[in-house]
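Could you put together the complete structure from these sequences and hints?
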Amino acid sequence: MSSATAAATPAREEVLALDLALPHGRLRPSRLHPEVDTVRAEHDAWFRAVLTDVQLPGSERLFRECEGVSLLCRVLPDAEAERLVGICVAASALFLLDDVADDEAGERARADDYLAVLHDAAPSAPGSAPLRLLARTLTRARAGVPARLWARFVAGFSEVIAAGAGKAEASVDGYESYLDARYADSAFDLVGVAIEHGLGVDLTLTRAAAPEAAWDALHRACFVHTILVNDLLSFRKEYFGAEPMNALSVLGRTEGLSLQQAADTVCARIAAAEDAFLTHTATLRAAAADADPGLQLNLDRYLTAWELMLSGNLTWSLGCPRYHGTTGPQRRPDDPLPTRMELHRDRTVFR
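Last residue of the sequence shown: 351 (the numbering used here), numbering continuous.
Derived from the structure by calculation, the hints contain no laboratory data. Please note: incorrect hints may appear among the correct ones.
The calculated SDA-like cross-link candidates involving lysine to any residue, where the alpha carbons are at most 20 Å apart (straight line), are [claimed, not checked]:
#1 Lys237 <-> Asp264
#2 Lys237 <-> Glu82
#3 Lys237 <-> Thr326
#4 Lys237 <-> Ala116
#5 Lys237 <-> Phe350
#6 Lys237 <-> Gly127
#7 Lys237 <-> Val145
#8 Lys237 <-> Cys267
#9 Lys237 <-> Pro321
#10 Lys237 <-> Arg347
#11 Lys237 <-> Asp120
#12 Lys237 <-> Asp37
#13 Lys237 <-> Arg340
#14 Lys237 <-> Leu131
#15 Lys237 <-> Tyr323
Note that this is a predicted model, so its numbers are computed, not measured.
Right, dumping it as structure tokens:
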């Protein structure tokens with residue numbers, strides 16, 4: 001049996017152990033937003049009000065695990081609290097709607113209706129519960145967002161909807177095509193929107209201080225780092241769920257790597273993405289060295305936010321119940337990075 005086949009059909013009692021070589025010590029340490037309790041309370045109150053007449057399977061997780069809150073309060077610790085509430089509401093709804101799309105082919109087939117709601121138009125058929133949730137979430141998330149950022153949000157979310165509708169037809173024949181597919185369906189462009197809105201910065205003039213290629217290289221490094229961290233640490237969920245869209249599975253299927261070799265490769269590429277991030281931030285800061293001090297401040301805040309996002313995403317991914325099960329790791333944020341993970345059907349054990 002090939003490693004790819006083994007990854008797709010795990011034995012019922014199998015425990016898979018993988019050594020890890022995660023980079024550490026070069027990025028700013030992650031930290032939690034100081035008003036996380038207030039953000040969580042406002043997030044929960046909003047969803048409780050909306051869900052009184054919008055019933056969705058899995059919606060109880062919005063309160064039990066608060067994925068939007070736990071993630072965004074970890075990766076945007078410097079965001080203004082009230083703006084962060086809207087960002088967390090949008091993230092939680094995206095988590096839930098992504099699960100609905102994975103489970104219900106009928107919703108994936110309604111891509112045009114989702115796009116209509118996104119563009120403030122009426123759907124072609126009576127709205128389903130997910131569509132109603134999306135419409136209300138967009139109204140909440142839009143509050144206070146500048147038009148230039150909202151246009152980017154709509155464009156990025158449109159790509160996610162289109163990618164979700166075509167999941168079954170997506171052609172993934174190697175690592176690079178896998179990254180292309182993940183860029184389309186991961187909503188990664190929305191991270192930059194969330195950072196700019198959360199910090200209240202306008203980078204329009206700041207971006208002109210460096211070549212566009214330098215910005216593209218920075219964001220590409222952030223994307224690769226984020227996706228591969230999530231793939232590596234969500235692998236238990238996807239391995240036992242026989243979900244093929246994970247970098248480890250793709251490397252096994254297309255390059256013939258064992259799962260340990262794939263994990264080693266992914267760790268090495270996370271480290272390379274971290275190297276690239278540090279290189280590109282230095283390039284951007286040097287390019288803006290003679291710019292107006294206000295533009296330099298905006299740039300520094302933006303680059304610092306990305307750095308905290310990368311370290312925060314790693315910390316969150318190590319403790320996320322979505323990845324590790326409700327009996328999974330009870331880690332403290334300052335615990336040393338694990339060097340090994342044991343994947344059980346119901347939990348992850350880090351060593």
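### Task
For the pair we were handed, Lys237 and Asp120, check the Cα-Cα distance against 20 Å.
violated, 35 Å
### Query
Would the pair Lys237 and Tyr323 pass a check requiring their Cα atoms to be no farther apart than 20 Å?
Holds, at about 5 Å.
### Proposed proximity, Thr326 with Lys237 (alpha carbon, max 20 Å)
holds, 12 Å
### Query
Is the Cα-Cα distance between Lys237 and Cys267 20 Å or less?
holds, 18 Å
### Task
Please work out if Lys237 and Val145 have their alpha carbons no farther apart than 20 Å.
Roughly 35 Å separates the two Cα atoms, so the pair is violated.
### Query
Lys237 and Leu131: Cα distance at most 20 Å?
Given pair Lys237, Leu131 is violated - Cα atoms ~27 Å apart, limit 20 Å.
### Message
With the threshold set at 20 Å, check whether the alpha-carbon distance from Lys237 to Glu82 stays at or below it.
### Response
Answer violated: Lys237 to Glu82 is near 33 Å, above 20 Å.
### Message
With the threshold set at 20 Å, check whether the alpha-carbon distance from Lys237 to Ala116 stays at or below it.
### Response
Distance ~33 Å between Lys237 and Ala116 Cα, so the pair is violated.
### Task
Sort out whether Gly127 lies within 20 Å of Lys237, counting only the CA atoms.
Violated, at about 31 Å.
### Message
Next pair to validate is Lys237 with Asp37; report whether the Cα-Cα distance is within 20 Å.
### Response
Measuring from Cα to Cα gives roughly 28 Å; hence the hint is violated.
### Query
CA of Lys237 to CA of Asp264, is that 20 Å or under?
holds, 19 Å
### Task
Would you mind confirming whether the straight-line C-alpha gap from Lys237 to Phe350 stays at or under 20 Å?
holds, 15 Å
When held up to the earlier numbered hints, the structure conflicts with 2, 4, 6, 7, 11, 12 and 14 and fits the remainder.
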